[in-house]
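*Asks:* Based on the provided sequences and hints, a complete structural model is requested.
The chain contents come next:
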Amino acid sequence: MPAVVENDVLVYKGSNFFRQRLLLATLSGRAVKIDEIRSTHDDPGLREYEVNLIRLLDKVTNGTRVELSETGTSVYFQPGILIGGHVTHSCCPQRGIGYYLEVLLALGPFCKEPLNAVLQGVTHSDLDVSVDKIKAAALPILLKFILVDDGLELKVVRRGAPPLGGGEVVFKCPVRRHLRPLQWTKWGLVKRIRGVVYALRVSPTMANRVVDSAKGVMLKFLPDVYINTDQCRGSNAGKSPGYGVSLVAETNEKTFYCAEAKSSEPGSGETSLPEDIGRECAQRLLDEVYRGGAVDSSFQWLLALWMALGQKDVSECIVGPLSDYTITFLQHLKEFFGVMFKLEVQRSDADEELDDEEEVTAANKIKMTCVGIGYVNISKRTL
Amino acid sequence: MADESAFDKKKAHRAKRAGRKADKKKKKNQTDTSNLSARQRNPKAFAIQSAVRAERQFRRREDVIAKKQHVPQVDKTPLEPPPIIVAVVGPPRVGKTTLINNLIKSFIKTNVTSTNGPITIVTSKKRRITLIECNNDINSMIDIAKCADLVLLLCDASFGFEMEIFEFLNICQVHGMPKIMGVLTHLDMIKNAKTLKMTKKTLKHRFWTEVYQGAKLFYLSGIVHGEYLRNEIKNLSRFISVMKFRPLSWRMTHSYVLADRMEDATSQETIRKDPKVNRDVILYGYVRGVPLMKETMVHIAGVGDMKVSELSYLPDPCPLPSSEKKRHLMERERQIYAPFSGVGGIVYDKDAVYIELKGSHSHKQEDEETNEKKALLKNVVETTETIDEQMQESGFKLFSGGAVIYPDMLKNDEYLQQNKNNQPESSDNSDSEEEGSDSDHDSGIDQSEKEAAKSDKMPWDNDSGDEGDNNQSSGEEDNQPESENEESDNEQNFDNKWKEKLSEKATEAYFERQKTSRNIMKLVYGEFEIGNKTKEQKQDDDDESDDEEIGGLFKKVTATQKKKLKDKERLDLDECSFFYSLEKPNIRDWTAEANKQYLINSFVTGKRSADEDASELLKLDDASDGDDEELYGDFEDLETGEKHSAEDKDETEEAETVETGTKRKAEPTKSEILDKKMKLKAKFDAEYDNPDDHRIKGDHSYYENLKAEALKQSELNKSVFENLDEGLRIEVEGFRPGLYVRMLFKNIPSEFVTNFDSTYPILIGSLNMAEQNIGFVSCKVKKHRWYKKILKTNDPLIISLGWRRFQTLPIYSKIEDDLKCRYLKYTPEHVTCNMHFYGPVTPQNTGFLALQTVNNNPNEIKQLGFRIAATGSVNEINKSTQIVKKLKLVGTPLKIYKKTAFIKDMFTSTLEVAKFEGARIKTVSGIRGQIKKALNKPEGAFRATFEDKILMSDIIFCRTWFKVDVTKFYAPVVNLLLPAGSKNAWQGMKTKGQLKRERNIKSDANTDSMYTDIKREPKVFKPLVIPKELQKGLPYRFKPKQKSTTLSGNNPKDKLKNRIAVVKNPHEQKVSNVMKMIKTNFEKKKEIQKEATQERLKTHKKQLEAEEWKRLKRQKELKKKICRTLSKMGKKKPQM
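For the protein sequence lines, the chains are Y and G, in the order given. With the UniProt record's numbering as the guide, the letters of the first sequence map in order to residues 1 to 383. With the UniProt record's numbering as the guide, the letters of the second sequence map in order to residues 1 to 1136.
I should point out that these hints are in silico values taken from the structure, not numbers from a laboratory. Even glycine gets a Cβ: it sits at the ideal position worked out from N, Cα and C. You may find that some hints are simply not true.
Unchecked claim - Quick list of in silico lysine to aspartate or glutamate cross-link-like pairs, EDC-like style, CA-CA up to 16 Å:
| hint | chain 1 | residue 1 | chain 2 | residue 2 |
| --- | --- | --- | --- | --- |
| 1 | G | 244 | G | 149 |
| 2 | Y | 13 | G | 574 |
| 3 | G | 566 | Y | 324 |
| 4 | Y | 13 | G | 149 |
| 5 | G | 67 | G | 699 |
| 6 | G | 879 | Y | 8 |
| 7 | Y | 144 | Y | 316 |
| 8 | G | 307 | Y | 36 |
| 9 | G | 564 | Y | 36 |
| 10 | G | 568 | Y | 35 |
| 11 | G | 746 | Y | 8 |
| 12 | G | 879 | Y | 113 |
| 13 | G | 294 | Y | 8 |
| 14 | G | 307 | Y | 8 |
| 15 | G | 712 | Y | 316 |
| 16 | G | 886 | G | 816 |
| 17 | G | 718 | Y | 313 |
| 18 | G | 718 | Y | 316 |
| 19 | G | 746 | Y | 6 |
| 20 | G | 294 | G | 310 |
| 21 | Y | 220 | G | 589 |
| 22 | Y | 220 | G | 569 |
| 23 | G | 568 | Y | 36 |
| 24 | Y | 13 | G | 1095 |
| 25 | G | 712 | Y | 313 |
| 26 | Y | 13 | G | 572 |
Stated by the list, open to error - Chain Y side only, calculated, beta carbon under 7 Å to chain G, not exhaustive:
| hint | residue |
| --- | --- |
| 27 | 29 |
| 28 | 62 |
| 29 | 66 |
| 30 | 116 |
| 31 | 289 |
| 32 | 381 |
*Replies:* Here you go:
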């Protein structure tokens, strides 16, 4: 749904893509109004986690103005200037830390002070990317744009499984005046697979069983597979029981694909076998590898964002098939920044040859080309 | 032994010195010295003599190189650059207009009657220039400095440099220095040759100190028949046409347009009703700087921030000549385009053709006096327009009560008539299922349908190869979930079915997505309009089509409904960035053998493509090395005795090709390999055979790499969109510099049109992200050393920053050592200080200049002298400020205990005290303390502790910092809206001083600071009291003789009072009487004796004197006698 512009305020409807809209509003400095938030639901208005997100944005900015309607079904958000600095935030356990961390990651390079955020809550959630995944797959993308890693760091202090959470991460991000244009059209071949299995408040054997099954699948493709187990105890294990795995495939061109799987929540009534979890995760990783592209499919939008915010130069990257989320994000980018990507489907010749023989076809690669809008970090101080 | 060996020595070989062999050898050894450098001929002369000197030389060379290096910037000049803006600047009456006229004449050989506004001319095969004259207004000077590429700075040599020139140079320095050429005119006014020479020299040197050493200064020696000398102008024009430009950082990040044409597009009717109604204005000009994005905010200097409501490009009115192979410009290619001056021939617009009638035709549409002829002409022009418009307007209904269909809906004039096929998504958003295309017109007219079918593709359809296939697949993809929807819509048990099918559906959709998504652009940007249509229009259309029921066309209704339903479904979902967001599809089993086969090559263990595989590459190398061997075909392995024949080899080759067939890329041909090898060899040669390589060289690889990277990027920037459809290219890239654009602005104040003056430049600068916002800007600033006054905090100041000129209230501050901004009341004299104001957000390091007035009142200018008050650059942007002012709170002791004291008068209430609990305080004498707690009575008093006992006379301070707020005042200078005569007299907020002077208000003197006589009481010191203990040890003479119990009992009068009266008995009285008499007698006697002695002494003295006199007399006579005798003796001698 394209936005309606009323006196330079973008007006949207519905609660979906709330995070995207607030994030882009903060970066672009344009006010945004979101109407009809769950207006037809039994429980109308903003959810707790969304309010929590607004709080977080308020913490990292200065001069933000938020107006909520009485019913909570409409929000007016006028962004201020990104400040960054030291932020401690306890995230809502309804969503994972990843929900908030992705926002901070996108905002991080454009703050006034280097960001040093402590986030508490659920580190591994079904709906959101886990902190492990962000650490493994998203940080290398940012590194491509800022080139020099001075203080880009994500540390998982404690893990916390849903529903109660109790995990903690520390995220540090340097600031930049502008991002450099990026050409990233090769992603290479997978050279190694690493992984972490965590087990919180469950028997340590669970972890080992997950490792076995995941490794069993991955070894059919590559011998270089190492999976660590992270058996947490005491306060480090968070407040709820749970276990899960995340696997990372690294290519020889520094592309990281990451997949994860976790046990179902304790209250949900389903039981999950560790072997299934391991296999599922491995299958997902293979799926990710099949899709290919320069970045993991969950972070296509981050790539698009940073490409669009670059200097007034051409950036081009090849990614796997676009996810729905990315497509919406590209639409939002057009509305907030007026930047449009040139998208082309890439197909190598060899794939077409193979088409006839095999039923499995290659995943379409999409070449994204755009001219950066010349975004500069206006909040950074010069002396 | 030695002898023996000498004896044993064989006869040495003696080379032939003559004959055939000797000649041969000589020839062989003879090198051709003619080609060699001196270094090669005589290498010893160039050998390093001294290591130290060599090191110094090397270092110096490296220093020189390093000084020349700049951070490589990506070159952003487009293939067809916009005309270069050449601004002619100078004080009035120096000959600016004459120079422009002469330049135009020299370039295109025509006379131009009036020079208003920018004049664009083609000067050479690859260069166009826009000449613009700057009038004598500081606003125009600022705007010109912001956009000019080359400035011709005119100066009257007979007068010398005027203040305007220095002002302009300073403006330039702040906003990015364009190229500046000085031009001296009126040289013929100086008659004396020697003074002329001297003037030239002094002016040249003064100019050099301002610009740079060796800056070009032209001399126009005089005017003949109202024109400058032809060869001098020719020279100047040559200089202009070869001038090179350096990118300026502000202009390399912002796009801008110098408008050279203005039109009022408001309908005459509304103007007639209300002449003050806000106008719709169209401005035209070349895009410069960086590409101009479509929906962008711009700032029109002198008007304010505006949103471009329509932006499109037009064919170039002054195009560069086509690239024919000719050396010179054809006569007809020497074009001129100057709408404001009334030259430029025929102009094509989007919807009209304008014919410029030279000189007689003015572009002001709102002339006060419109005579009949003009009205008639206007009518004619308007009617030609309206025929088109009528065509456009004429809609028709297909069914009664159905929608009215306009030709607009069918045929959208995109950017131009020529690219008709770039059509935006049609107004009636019909998603037809039978046909693959999304944008289909249900118009019902045969003709238009045909047209539609022809021009039915979106701009991006062009680049994807097979359209039919495309649309088919995308259509299928779209339809799959939709049809499912439809079914479920029909069925009543909507929920259950839907949920059952959820995962299945997701899986399907997922595979579909992976398979197809060829026309990905449409999938993503399908909902946006591509073209000139504005969003509002589209929205209206949408509403229309939603509301109306068009009889018979059911397809449309269902489609829109479906779309709505889909949107609704998505509206309140949970946000999730995973690829398969909420529903989890069943992923393919990748361990299955068939699937695995495909995936295996994505790992390093799998097969690689031909250009990556190591073994393949090795094979290739072998093959290319074997080129020579292949000449022989077959050979024999001697060791094994095996024979290899050519046929054998062919076989293996065949086998190889079969093998490689399965691989991803075919083997490169021999020629390719040869090419590659040659390249490698060339590279090697370049590295090693460089004749100049004997010198020691520094390592510049870092710099070289940076340069190469920038070059690569600029090539990519130029090439990547080259063969893209024009409409899409503009959408993706923006309107690149060099395009001639038409910008429609809505709701511009009517004064802009009614008070339009073409001599004022209209500069339209785009604002980047967040630059349209307003915040607190903090910058460093320095008062200009030529400005006479110092600047006062909160006095209004006009600032030129970025594209804008505005008035604001600045606060000056100084950064203390603890990084606190301390408020300053005035700017310091010769150092930079900080300045904070409320104004537009602008990127850091942008330069600005400040003026106190932009008024051109000559009296005011004369009084000021130099108008630029301060210059500086932006440091930081924020939404709040932290400026503090020192505040001392003063109190006095109420009661003092040992180290605790009660302090009063510092605060007025207990609450205030509570806020300051724990604060540090200090007495004047330096005793430090702390505020503890408030007292009940009196209000505002508190308990405090000190490091020592304080005195009642002490004054106690509390040093605090008071936050000063920056006033939120921001007023753009809207000089373009002012009436024609007073455009240079913009008056903003006045300073307090100005107001007081105007209204003759005298401020009352503060009585505290008045002079009063100081009365000083004499200081009374307290008496010295020596403690008893100390007294004991003192010697007697130091002991205080009179003992007094109280401190004040030492008064001598009191002592007398305390004396007891002495009463004598008669005997004692007698005795004392007798004693008194005796004493008196004795004293009398002594007196008489004293007198007698004096008498005696006198006589004695006389006696002595008489004796002396006698003695002297005797001596004198004696001397006389002696002398006489001596002289007698002397007389006798000569006789003897």
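*Asks:* Against each hint, give a clear statement of whether it holds in the structure.
*Replies:* Going through the hints against the structure:
Distance restraint check for residue 244/G and residue 149/G: the Cα-Cα separation of roughly 10 Å lies within the 16 Å cut-off, and the hinted pair is therefore satisfied. About 14 Å separates the Cα atoms of residue 13/Y and residue 574/G, which keeps this hinted pair within 16 Å; it holds. Taken as a hint, the residue 566/G and residue 324/Y pair is honoured in the structure, with Cα atoms around 14 Å apart against an allowance of 16 Å. Our distance criterion of 16 Å between C-alpha atoms is broken by residue 13/Y and residue 149/G, whose separation comes to about 47 Å.
For the hint pairing residue 67/G with residue 699/G, the CA-to-CA distance comes to about 15 Å; that is within 16 Å, so the pair holds. For the hint linking residue 879/G to residue 8/Y, the alpha-carbon distance of about 19 Å lies beyond 16 Å, and the restraint is violated. With a C-alpha separation of about 13 Å, the suggested pairing of residue 144/Y with residue 316/Y holds against the 16 Å cut-off. Restraint check for residue 307/G and residue 36/Y: the C-alpha separation of about 28 Å exceeds 16 Å, so the hint is violated.
Note on residue 564/G and residue 36/Y: the hinted pairing holds, with a Cα-Cα distance of about 15 Å set against a maximum of 16 Å. Between the alpha carbons of residue 568/G and residue 35/Y the distance comes to roughly 13 Å, so the proposed pair stays at or under 16 Å and holds. For the hint linking residue 746/G to residue 8/Y, the alpha-carbon distance of about 14 Å falls within 16 Å, and the restraint holds. Taking the CA atoms of residue 879/G and residue 113/Y, the gap is near 15 Å; set against the 16 Å cutoff, the hint holds.
With a C-alpha separation of about 15 Å, the suggested pairing of residue 294/G with residue 8/Y holds against the 16 Å cut-off. At roughly 9 Å between alpha-carbon atoms, residue 307/G and residue 8/Y fall within 16 Å of each other, so this suggested pair holds. With a CA separation close to 13 Å, the supplied pair residue 712/G and residue 316/Y stays within the 16 Å bound. At roughly 12 Å between alpha-carbon atoms, residue 886/G and residue 816/G fall within 16 Å of each other, so this suggested pair holds.
Taking the CA atoms of residue 718/G and residue 313/Y, the gap is near 10 Å; set against the 16 Å cutoff, the hint holds. Of the supplied pair hints, the one linking residue 718/G and residue 316/Y holds, its CA atoms being roughly 13 Å apart against a limit of 16 Å. Of the supplied pair hints, the one linking residue 746/G and residue 6/Y holds, its CA atoms being roughly 15 Å apart against a limit of 16 Å. Note on residue 294/G and residue 310/G: the hinted pairing holds, with a Cα-Cα distance of about 8 Å set against a maximum of 16 Å.
Proposed proximity of residue 220/Y and residue 589/G is supported: the alpha carbons are some 13 Å apart, at most 16 Å. Of the pairs offered as hints, the one joining residue 220/Y and residue 569/G is violated, with about 41 Å between alpha carbons and a cut-off of 16 Å exceeded. The suggested pairing of residue 568/G with residue 36/Y holds, with an alpha-carbon distance near 11 Å, which does not exceed 16 Å. The suggested pairing of residue 13/Y with residue 1095/G is violated, with an alpha-carbon distance near 138 Å, which exceeds 16 Å.
Between the alpha carbons of residue 712/G and residue 313/Y the distance comes to roughly 11 Å, so the proposed pair stays at or under 16 Å and holds. Taking the CA atoms of residue 13/Y and residue 572/G, the gap is near 9 Å; set against the 16 Å cutoff, the hint holds. Nearest Cβ of chain G to the Cβ of residue 29/Y: about 3 Å, under the 7 Å cut. The hint holds. At a threshold of 7 Å, the smallest CB-CB gap from residue 62/Y to chain G is about 5 Å, leaving the interface hint in force.
Because the closest C-beta pair between residue 66/Y and chain G is about 14 Å apart, greater than 7 Å, the hint is violated. Hint status for residue 116/Y relative to chain G: violated, with the closest Cβ pair at about 19 Å, above 7 Å. The closest approach between the C-beta of residue 289/Y and any C-beta of chain G is roughly 5 Å, which is under the 7 Å cut-off, so the hint is satisfied. Hint on residue 381/Y holds. Least Cβ distance to chain G is approximately 4 Å, under the 7 Å limit.
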